[in-house]
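Trainee: Same order as they appear, the protein sequences are chains A and B.
So the first sequence is numbered by the numbering used here: it starts at 1 and just counts up by one.
So the second sequence is numbered by the numbering used here: it starts at 1 and just counts up by one.
Warning: the hint list may mix true and false statements.
Unchecked claim - A few chain B positions that, by computed beta-carbon distances, are all more than 12 Å from chain A:
hint, residue
1, T37
2, A77
3, A232
4, S243
5, P334
What the hints assert, rightly or not - List of simulated lysine-lysine pairs, DSS-like, C-alpha gap at most 27 Å:
hint, chain 1, residue 1, chain 2, residue 2
6, A, K113, B, K304
7, A, K154, A, K113
8, A, K133, B, K304
Unchecked claim - Per label pair, the in silico range of CB-to-CB distance:
hint, chain 1, residue 1, chain 2, residue 2, range
9, B, T314, A, L224, 54 to 60 Å
10, A, S287, B, K240, 57 to 63 Å
11, B, K240, A, E199, 36 to 42 Å
12, A, T23, B, A311, 41 to 47 Å
Hints in this document: simulated from the structure, not taken from any laboratory.
These numbers come from a predicted model, not from an experiment.
Glycine residues also receive a C-beta, built at the ideal position from the N, C-alpha and C atoms.
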Amino acid sequence: MTMINVDNVSKNYGALRAVDGLTISIESGAAFGLLGPNGAGKSTTISMLSGLFPPDTGNINIGGYDLWQEPMAARRLMGIVPQDVALYPALSALENVAFFGRLHGLAGAPLRKRCQEVLELVGLWDRAREPVKTYSGGMKRRINIAAGLVHSPKLLLLDEPTVGVDPQSRRAILDVIKELNGQGMTVLYTSHYMEEVSELCRYIAVMDKGRIIAQGTQDELHMLLGGADFIRVETSEPLTDVSFLEKIPNVRQVAAKGSELTLTVPNGGKALANIVSALAAQNIEISGVKVEQANLEAVFLHLTGRTLRD
Amino acid sequence: MTFLHIAAKDLRLLFRDRKALLTLIGTPILLTLVLGTALANMWTSETPPSRVLWINEDSGQLGQMLIDDVFTLPGIASWVVLEEATDKDAALDRVRRGQATVLLTIPEGFSDSVAAGGAVLNVYRDPGSSVRADAITQIAQRFAMELSVRRTVHLALAGQGVIAEAGQVEAALAQIRLDIERDSLEGAVAGTNRTYAPMDYYAASMGVMYLLFTVSHGATTFLREREGGTLARMYQSPVKAVSILGGKFVGIYMIALTQIVCVVVFTSLVYRVNWGNPLAAAGLILSAVAAASGLGVMIAAISKSAASADALGTMIVLPMSVLGGSMMPLFAMPAAVRSLARLTINGWALEGFTRVMFENARLADVGQNCLVLLGAGLAMLLVGGISLQRKGVAA
Ligand SMILES: Nc1ncnc2c1ncn2[C@@H]1O[C@H](COP(=O)(O)OP(=O)(O)OP(=O)(O)O)[C@@H](O)[C@H]1O
Ligand SMILES: [Mg+2]
């Protein structure tokens, strides 16, 4: 069964086309990653999927319900974890989660039970009665997730839930999402961290400037590169002209950002020697070199000529 | 019933916000004390009995009755010194110099003109002595009004042959009038005399002014929810927009009601402020809170951010409070300003409260004030609510 069906959806902000002809389909129980750099249109997509505003064109169907024909039925299926923590700082974690639970029609003992369950799930039940404003950034993000889960949604939309989070909280968040997905919850996870998306999601769409530029399973996306590797070179001075590197045989692509170069090559080991000597010939000092296996970042670079963090 | 959860949450947030509580409830209570004490002079400079100069040119019984019977009623006699004047110009001069509060002239043929309809009493006032002059004018007006009412009744009776001769009308009037007269005048004057207590007035005026600050605080909570994403969270839940906005409105209403009820309870218990007839006061409170909450919704609808709502709120509340008599009593203001008070929530509410506090008005007497306030609140709620519904979560 299809849980999310997005058909040719576009959204403009004035002259800016934030989402451009988006078409995705997510199976029930899947974990779907939406990967894209800042401004790609991920949050705009999540907002439209959660019914905050309608797309300018196109249709959205959630769990068999048209989002604009049967909004209430569609919303009942969804839990949303917004990009920015959306909680009442003066209320306790428990009060926050309970409030949003009530909006979903929970009350009494079932509400209390669910509040405890989700707060235990994110590991903060023992501090649940403290006001949210006294929590660390990572804890707030975990409560933010709990508030999206309290009504046991079938579909969870997460918008960059780990931004600005310490490694410990990040690990906890990723584990929770994995666990929920393992229990059958459909997950749509947006991020610009390719490691997270590759860890969580089998199916991935890469988004840039409002468009899906590639989608498929991780393996399918890697195939796009034809088994390419990824060489990162750190130079002591920023480079302005990198055209000489593009002339090296087997170098498919060069991206420079400050003093960091990223080169895409079919085989890391073989090309490395040529690259290093070409730099030496230009009297460029190298302060670090790293060879990486093909990954989503390479896919993005391959497709756009930019790194994800550009 | 989801909207009640939203409203309850807003109340809970208010009680967690010590600073807001202190500002919205503590400040008016403090200001009442400060203004009520500091500005008391403005009210009590007339503590020595007011001198009422009178000239009676009427040859009938009715003119003299005003002087002999009405102004000697116990509630009035204590603060009025009557003095017959002989020369009108000299008397007027004394009034102008503040040596007397009013000059009351009863024109020739007053009694006859009562019998014929259209009797006129003239009250010349000391411009600096507003409260007492108001009270005396009111006594004279009530007297004239009672007379004309009774005249109508008696003419009707005479017309039906109950009282045979028209000439007996005046005599009949003089016979039965006074008892009834005494009641209504004593009521009015007792109120006037006991009160215009500055503490009472400022309790009402600061209460209403801070009521408006409270609703603009309510408006900022709405915008803060929009900025902080919790409004979006509500919109993402299976709750209709009208319930969400209704919940926010009820929340603002409850916050505002809490504020003014705290002010009323505190000032009655601690400052011994007399808020008057409970039913009338309650009606005014509920409808003033409705008007204020409607204003809150309007402010939320117009503002783009919480910060601008805060600024806009102050920009609306302060001028409204000045024009509506919250800073300085309306009777001390020029007539032009008094008519502008009709455009303000403070004006309608305060006029009602002062009548309930000082004139023993009942709910029916301030019914118009309540209706105007309710209507204004409803209109602003509708306009603001529709605008907010259109905007959704967008600024
Ligand atoms: N309310 C708005 N008004 C105008 N432009 C907007 C608005 N919201 C987003 N945009 C623009 O739309 C584009 C997509 O923004 P969006 O927030 O969807 O990106 P994103 O992928 O979530 O980025 P990030 O990773 O930074 O969160 C951006 O260029 C952004 O500037
Ligand atoms: Mg975003």
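Trainee: Against each hint, give a clear statement of whether it holds in the structure.
Mentor: Hints versus structure:
Chain A leaves T37/B outside its interface by the beta-carbon criterion, the shortest separation being 36 Å against a cut-off of 12 Å. With 12 Å as the threshold on Cβ separation, the claim that A77/B sits away from chain A holds: the shortest Cβ distance comes to roughly 59 Å. A232/B, annotated as away from the interface, has a beta carbon of chain A within 12 Å; the closest lies near 6 Å. Not every CB of chain A lies more than 12 Å from the CB of S243/B, the least distance being 9 Å, so the non-interface label is violated.
Once the 12 Å rule is applied to beta carbons, P334/B is consistent with being away from chain A; the minimum gap is 46 Å. Between K113/A and K304/B the CA atoms are separated by roughly 39 Å; this puts the pair beyond 27 Å, and the hint is violated. For the hint pairing K154/A with K113/A, the CA-to-CA distance comes to about 18 Å; that is within 27 Å, so the pair holds. Between K133/A and K304/B, the direct Cα distance comes to roughly 25 Å. Compliance with the 27 Å bound is thereby established for this hinted pair.
The given range of 54 to 60 Å is respected by T314/B and L224/A, whose C-beta atoms sit roughly 59 Å from each other. For S287/A paired with K240/B, a C-beta distance near 60 Å keeps the hint of 57 to 63 Å intact. Checking the proposed 36 to 42 Å range against K240/B and E199/A shows it holds: the Cβ atoms sit about 39 Å from each other. One distance hint, 41 to 47 Å for the beta-carbon pair T23/A and A311/B, holds here, with the actual separation near 45 Å.
Consistency with the previously given hints fails for numbers 3, 4, 6, ordered from lowest to highest.
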